[in-house]
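At position 181 of the sequence shown (counting the first as 1) the number is 181 in my numbering, and the numbers step up by one without a gap.
Some hints could be false.
No farther apart than 25 Å at their CA atoms in a straight line, the calculated lysine to aspartate or glutamate pairs in the DMTMM-like style are these [claimed, not checked]: (1) K570 x D647; (2) K282 x D242; (3) K417 x D495; (4) K589 x D477; (5) K313 x D242; (6) K515 x D647; (7) K323 x E207; (8) K329 x D238.
By construction, these hints were calculated from the structure, which means they are not laboratory data.
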Amino acid sequence: EPFVADEYIERLAWRTPGGGSRGGEAFDPKRLLEEFVNHIQELQVMDERIQRKVEKLEQQCQKEAKEFARKVQELQKSNQVAFQHFQELDEHISYVATKVCHLGDQLEGVNTPRQRAVEAQKLMKYFNEFLDGELKSDVFTNSEKIKEAADIIQKLHLIAQELPFDSLMDFCCYPLSSPGKYHDLECQLIQEFTSAQRRGEISRMREVAAVLLHFKGYSHCVDVYIKQCQEGAFLRNDVFEDAAILCQRVNKQVGEVFSNPETVLAKLIQNIFEVKLQSYVKDQLEEHRKSDAEQYLKNLYDLYTRTTNLSSKLMEFNLGTDKQTFLSKLIKSIFISYLENYIEVEIGYLKSRSAMILQRYYDSKNHQKRSIGTGGIQDLKERIRQRTNLPLGPSIDTHGETFLSQEVVVNLLQETKQAFERCHRLSDASDLPKNAFRIFSMLVEFLCTEHIDYALETGLAGIPSSDSKNANLYFLDVVHQANTIFHLFDKQFNDHLMPLISSSPKLSECLQKKKDIIEQMEVKLDMGIDTLNCMIGQMKHILAAEQKKTDFKPEDENNVLIQYTNACVKVCGYVRKQVEKIRKSMDGKNVDTVLMELGVRFHRLIYEHLQQYSYSCMGGMLAICDVAEYRKCAKDFKIALVLQLFDTLHALCNLLVVAPDNLKQVCSGEQLANLDKNILHSFVQLRVDYRSARLARHFS
1 EPFVADEYIE RLAWRTPGGG SRGGEAFDPK RLLEEFVNHI QELQVMDERI QRKVEKLEQQ
61 CQKEAKEFAR KVQELQKSNQ VAFQHFQELD EHISYVATKV CHLGDQLEGV NTPRQRAVEA
121 QKLMKYFNEF LDGELKSDVF TNSEKIKEAA DIIQKLHLIA QELPFDSLMD FCCYPLSSPG
181 KYHDLECQLI QEFTSAQRRG EISRMREVAA VLLHFKGYSH CVDVYIKQCQ EGAFLRNDVF
241 EDAAILCQRV NKQVGEVFSN PETVLAKLIQ NIFEVKLQSY VKDQLEEHRK SDAEQYLKNL
301 YDLYTRTTNL SSKLMEFNLG TDKQTFLSKL IKSIFISYLE NYIEVEIGYL KSRSAMILQR
361 YYDSKNHQKR SIGTGGIQDL KERIRQRTNL PLGPSIDTHG ETFLSQEVVV NLLQETKQAF
421 ERCHRLSDAS DLPKNAFRIF SMLVEFLCTE HIDYALETGL AGIPSSDSKN ANLYFLDVVH
481 QANTIFHLFD KQFNDHLMPL ISSSPKLSEC LQKKKDIIEQ MEVKLDMGID TLNCMIGQMK
541 HILAAEQKKT DFKPEDENNV LIQYTNACVK VCGYVRKQVE KIRKSMDGKN VDTVLMELGV
601 RFHRLIYEHL QQYSYSCMGG MLAICDVAEY RKCAKDFKIA LVLQLFDTLH ALCNLLVVAP
661 DNLKQVCSGE QLANLDKNIL HSFVQLRVDY RSARLARHFS
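Work out the full structure, taking the sequences as your base and the hints as a guide.
Laid out in structure tokens, this is it:
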């Protein structure tokens with residue numbers, strides 16, 4: 001443990017008698033001092049003893065260091081001598097190795113011709129047996145030595161191939177040529193390979209395949225292997241899954257059997273694609289190719305997808321250098337006849353299917369689509385009717401039907417979505433943007449033009465004139481549904497079309513087409529502003545029917561019990577409904593624009609309506625209450641200008657009840673100071689007491 005002086009002194013004092021209060025013993029400083037002095041002397045003696053020991057050890061260490069240095073020098077000298085001996089030995093070994101290599105080359109030069117001569121002698125012996133027509137050697141008669149026999153036959157066959165045909169006949173060695181022993185043995189080897197494969201003897205298969213590698217029938221051996229591999233492999237309905245499992249199993253085995261496993265596996269895959277898959281695809285597609293376009297397209301998409309998925313799984317295997325190109329060519333060979341005219345089938349089906357969906361909807365509504373003109377006299381009539389509110393020709397009664405259907409839209413978008421997915425999968429990369437644009441054009445034609453645009457045209461034609469009583473304003477419902485539908489259309493544009501054309505020139509063309517559609521619809525929606533005229537007309541009818549002259553000039557001034565008139569209540573209720581409907585029907589800045597236009601017209605109507613009556617003092621108070629209620633209604637518009645207009649109108653109505661002496665003060669107030677004096681005068685004139693000289697004098 002580390003030495004701590006304070007603790008050491010404490011322990012020393014504690015052990016000394018009289019050094020501490022131990023058992024009541026009194027403290028004795030002299031004795032403690034004596035103990036300390038004695039202990040210090042002991043420590044000094046101990047220090048001197050240790051110091052002498054240290055000096056002795058240092059001297060011994062220096063002596064040993066010198067001895068060690070001397071030994072190291074001796075070892076270095078010995079090492080140098082050993083290194084010189086090693087170099088000499090290395091040179092001697094190199095010299096001997098050179099001699100040995102030279103001797104080996106000489107021996108090889110002698111042995112190689114000798115071995116060749118021995119092999120040639122053996123071949124000549126076997127050649128003589130063929131000449132005699134009697135094969136006596138054990139290698140030909142023993143079936144277990146078929147490998148050695150194959151090697152001999154192969155060499156003799158090569159020799160026979162180099163001889164002219166006449167020489168073969170002269171030497172009677174024709175059996176060595178093509179129809180002879182060579183092919184008999186080749187067939188025997190293939191039969192042996194087949195039997196070993198059926199027994200599952202991988203080692204025997206590998207041995208026979210190695211022998212056949214040098215024969216012409218090696219490719220036939222591979223064909224037999226591929227054929228037997230597929231026996232019993234395609235028993236289920238899913239040929240693609242069966243093919244994947246088969247290739248996975250063969251991939252593990254083929255490397256143990258053949259010296260070129262990637263070539264054998266590639267040939268197996270080629271056979272599966274060109275025989276099994278092509279036949280299966282043809283059966284599935286030709287059945288519906290001419291009779292059922294929908295099922296044909298679904299099957300084509302499904303089969304192509306499953307084939308490419310199978311190709312992706314096969315990419316894991318070693319099929320050579322360019323397996324991607326190899327598999328792509330196999331897929332193309334199966335589907336090329338179907339993909340060449342795919343887009344024509346797709347467009348034809350999409351066109352007929354979309355037309356059927358729309359026609360089925362209109363038939364369910366017992367509606368016959370009519371052609372609505374958009375130019376010439378019809379356009380001129382529409383403009384005149386909007387400007388003058390004159391009914392030029394009867395409007396179409398839609399009976400509250402918007403002729404827009406969420407179900408129809410969902411069906412059209414779903415069909416188009418599936419078409420985009422098929423287009424993405426089945427179109428060539430160079431044709432993809434062009435094909436996607438054609439599908440988009442079909443969607444525009446049937447969804448935007450034939451459905452939304454037709455509904456807007458019909459809705460416009462069904463807008464009643466402003467003087468119609470109890471008119472139903474269904475055009476706002478059309479606007480609401482058209483707005484919702486267009487959001488769905490825009491979502492599909494972004495989600496499914498944009499990824500297909502984002503990096504092609506067709507992008508700008510599609511965006512321009514979409515922009516034209518939006519502008520065309522906005523024009524029709526702007527034309528629908530005539531609906532506001534109908535709303536104002538309805539308010540006029542309510543005011544004309546409900547507002548009475550006696551409301552603002554009651555017979556009994558002291559017995560008025562109502563807070564505001566019945567006409568005001570009904571008008572405000574009607575306006576609130578229309579504001580809510582406009583908010584539901586539109587979105588964005590369109591809501592504020594339409595509500596501002598309606599609010600300004602609403603203010604103008606009330607302003608002109610109030611100037612048709614004369615007001616007593618109590619009638620003026622009732623008019624102020626009515627305008628206050630109109631102002632509450634105007635707050636629902638959430639448009640600053642509309643609320644400001646009604647605030648000013650409310651201030652004007654104060655002129656109907658203010659005392660004559662205070663007229664000038666009220667007119668110079670904050671809200672009325674900037675108004676034209678004629679407007680102020682017109683309101684003062686509505687007072688029943690205006691004719692009095694006092695009121696006229698005060699106002700003038």
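**Q.** Broken hints, by number
**A.** 6, 7
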